[in-house]
Amino acid sequence: MEKFDVIVIGGGVVGTAVLRSLAAYQAKVLLLEKASDVATGASRANSGIVHAGYDAETGTKKAFFNVKGAAMFPALTKELHVPYKQVGSLVAARETGLPALRVLYDRGVANGVKVEIIDRKRILALEPNVSDQIAYALYAPEAGVVSPYKLTIAQADHAVINGAEIRLEEKVTSLEKREDVFYLSTDKGTYAASYVINAAGAGAAEVNALIGEDAPVQTHAVGDYYILDSKEAGVVNTVVFPLPDEKGKGILVAPTADGNVILGPTSRKIPHEAAEDNEVTRDGLALVREGVGRLIPSVNLRNVIRVYAGTRTAVGNDFIIEESKKYKNYFMLLGICSPGLTSAPAIGEYVAGQAAAALGLVKKQQTIPLPDRFHLTKASEEEIKQKVASDPTFGRIVCRCEKVTEGEILAAIRSPLPARTVDAVKRRVRAGMGRCQGGFCRPRVMEILSREFGIPLSAVRLGDKGSEIAPYEVKDGYEKI
Amino acid sequence: MKKFDVVIIGGGPAGMAAALGAREEGATVALLERDDRLGGILNQCIHNGFGLHYFGEELTGPEYAKRFRDKVLSDQNIHVFLEAMVLSLTEQKVVRAISPTEGLIEIQAGSVVLAMGCRERSAGAIALAGTRPAGIYTAGMAQRLCNVEGYLVGKEVVILGSGDIGLIMARRMTSEGAKVKLVAEIMPFSSGLKRNIVQCLNDYDIPLRYSTTVTRVTGKERLTGVYVAPVDEKMQPVLEQEEYIPCDTLLLSVGLIPENDLLTGTSVEMSRVTSGAVVDEYRQTSAEGIFSAGNVLHVHDLVDNVSEEAYIAGRSAAKYVKGELPFSVTVSVTPASGVRYALPQKVHTGEGKVKLYFRVDKVYRGRTVVVTSAGEVIKRKKTLVMAPGEMQNIEIDKSLIKGDVCIYTEE
Amino acid sequence: MNTTCIMCPMGCALTVEEKGGVVTVVGNGCPRGEKYGKAEFSHPERVVTTLLKGLYGGVVSVKTDGPIPKDKIADLLAWAASYRLDHAVKTGDVIAESPVSCGANVVATSDFKGK
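Protein chains in written order, with my numbering: chain P, 112 to 592; chain W, 268 to 678; chain F, 6 to 120.
Chain P extracted, bound-state conformation:
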């Protein structure tokens, strides 16, 4: 049985943040993820906002980790080469919304966030397309946008090159503590660990139940989003929110870190069984359109390239970030909903510190930096010439909409945490994320995956098991018509 110092369960943005921080210590650490890649749950489909920190009630864990996390983003994203833009955010309100903005303003000040209330003239300077109903806004210049899945993947890659291990498609099926050791089994193997961190997101209650810890009362919600073509970029410059209501922060309009425009989300309660279904509804999309119309009415929905739904799991009103009282060295991260993405790096650092203290782990003298990758769209003329001369695959464009080369796709497949599926490639290098949504490049990406892994094309998957894209050879099992 393999023995680890620390095992992290769950490869979302929180789990990989913890793993990355743990990899800075001299320790044997492992992350177990049930899906075929990291960032496949809530970390994949969310708004991608780095919140400034005025939303959460002062004194809560949400407020603490949000503010701390947000401050880490500029340096962290630079170090991990993750798309991030500090575009600022506006909570846009009508004339009558001023008192509500003041509440947010006071909370922002109390939480230590840079905020100010601005009038229409200043709003227009930031957002020329804002609805003429908008009179005031709370402006938080330090809010930003980030690619949530690229951050998750980069954290994972960085952890792996510093010695951490990640095993995908291993769902934890049992977890028990005997003496001072935790024993975990998955459908593929059994492991022992001195310290276990439950970062299983929507599945965190099940993991708690495995060991016998109280299962928290989780509530799940799903929200619909639109993604617009990059040619619509410029219709919005900052993250524009409406006034928050009891359901949450409301339907926003924002640029994405990768240059698209995002609209959404709605908020619809769903049962636990549906917590990973990600189902888009027509009604939800209609609500998004209405909400967007109240903020930036000139958004052109003819430029939609994708609609999707993201789920999120909450436990009460605050994050639960604490060690189990029943089982020492079993640490729980429950209900990390918004602002979970913003908080993740700070949570990672904190939890890794807790584990290190409990086990007496020593920090490594230095860690290996994550190397940057070549991206055709970001390279200079000279860099492109050199790159293609040394490796022609960097001159072969596979995804024409996003200008992604075969070399970049191969690099994603050969990364520290290898991309094994079409979606995993897409999340890493954007092949298939453009306006044709993989219409041309998907068969090419499939061929490359088939070649690299030595599997038939019919075995190439979109994502998890059972998602084979072209599962049959022609004429197989043919029955006469």
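Check each hint, because a few of them may be wrong.
Within a straight-line C-alpha distance of at most 25 Å, the following computed SDA-like cross-link-like pairs (lysine to any residue) qualify [stated by the list, open to error]:
no., chain 1, residue 1, chain 2, residue 2
1, W, Lys-501, P, Lys-299
2, W, Lys-487, P, Lys-498
3, P, Lys-498, W, Pro-367
4, P, Lys-299, W, Arg-489
5, P, Lys-496, W, Phe-456
The hints are simulated quantities; they were obtained by calculation from the structure and are not laboratory data. What you are looking at is a predicted structure, and each value in this text was computed from that prediction instead of being measured.
Once you have looked at the hints, place chains W and F on chain P.
Chains W and F in isolation, oriented as in the chain P frame:
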């Protein structure tokens, strides 16, 4: 920097015909193709029905492509760049491309022919509701996986949209061992050719439902089914009549969009109706020396028309370089009653004839097509039937053009 | 028999019947429709295009080099499903002469490397 008289972007049917047209006028030609062989989407269209007008015989897509490819490849003065993706195009006609063998390629062109073709509308573009499993494809993607790679995307199929690719794929999937349960068309008519409805659907007892759409899809890893519902006169689904059809595959044949991304940021005037450039009868755009032809200009239903149009563009592009392109006053060609668009949108005054291509906005029986210039009728043509899916044309005498041209239909 | 005329975009709905050895077409808008209706009634024919699998992998596109009787299509497709091509072919090469006695040859419409 390399120099060529005519640079053609795209090596499908339009690009190849344009290259041959330009050669006829003696130009040196660079043909840039992003795939590793010439022929474009024809290479995956293994069905027959191509070439009746152009070659007077019925060919399959690969055969039609081969006829042009063989001619192009045997001409020493056509420099073919394969796996060469064009990254940018300036109005000074500098073309930048990249290929694995040559790296960055920079060409100063005397003139440019755009022949990049079109792409399919995706599930995202139609805001398809439901989950996001494997099993949802554009018809063209499924066609490539089947006809080129030899893999079938699924066994129980629903097709949304009755465009020609959708109809063709209904028959192809059936021939390869799949069961096509339904073709749903949101319009009350098909934009596909009659012949395809008869020979691809009726021959194989595949049902086609008009005024019907897919409202949502189900399934986590793999598609498990789709809901379909009839639509009302405002094209909104009547959800009370939703019906569930279990299936593992949904093919989308919901429209084609000219791929003009290269023109973003240039001053080339675009048509909102065709999503292609506005051109004159030489297929020259509003940017001098930049020509456009084939599906990047407007979506065609017959490749024969693409070849004809691109041939004109290629010849004209070569003439432009030689300074031989006739220059005269242009008048605009605008559609009216019953005509959705007409092309070219501008015509030069002078001698000779010009063929106006147009599409009607719905099915018309027994109508007369009328062309006027400066308010005077210059041509009338009676028609039996016209459908939006079938491009029409009418030839007019340029000498009769005295002012702006209008084309419309009347009872 | 009911069918749709494909001779022009009009798409006339044809009803074709036989009484006492005489075939009549109803619903056609022009003489071409009558001819088409009679042909579809008495000897409907189609050119068939499909794929053949290579014995060692890959596929090659093929067609019948002329129209075959419609009632032979199912037999021909079943033949194509079981056939495996074991050698290289070029566009235009005859792969099989009148398989399932369909009356036309199956010819390659693209090149195939064999392996």
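Hint check:
A distance of roughly 54 Å separates the Cα atoms of Lys-501 of chain W and Lys-299 of chain P; the hinted pair therefore is violated under the 25 Å criterion. With a C-alpha separation of about 40 Å, the suggested pair Lys-487 of chain W and Lys-498 of chain P falls outside the 25 Å cut-off, and the hint is violated. Our distance criterion of 25 Å between C-alpha atoms is met by Lys-498 of chain P and Pro-367 of chain W, whose separation comes to about 10 Å. Under the criterion of a C-alpha separation no larger than 25 Å, the hint pairing Lys-299 of chain P with Arg-489 of chain W is consistent with the structure, at around 23 Å.
Distance hint between Lys-496 of chain P and Phe-456 of chain W is unfulfilled; the C-alpha atoms sit about 52 Å from each other, more than 25 Å.
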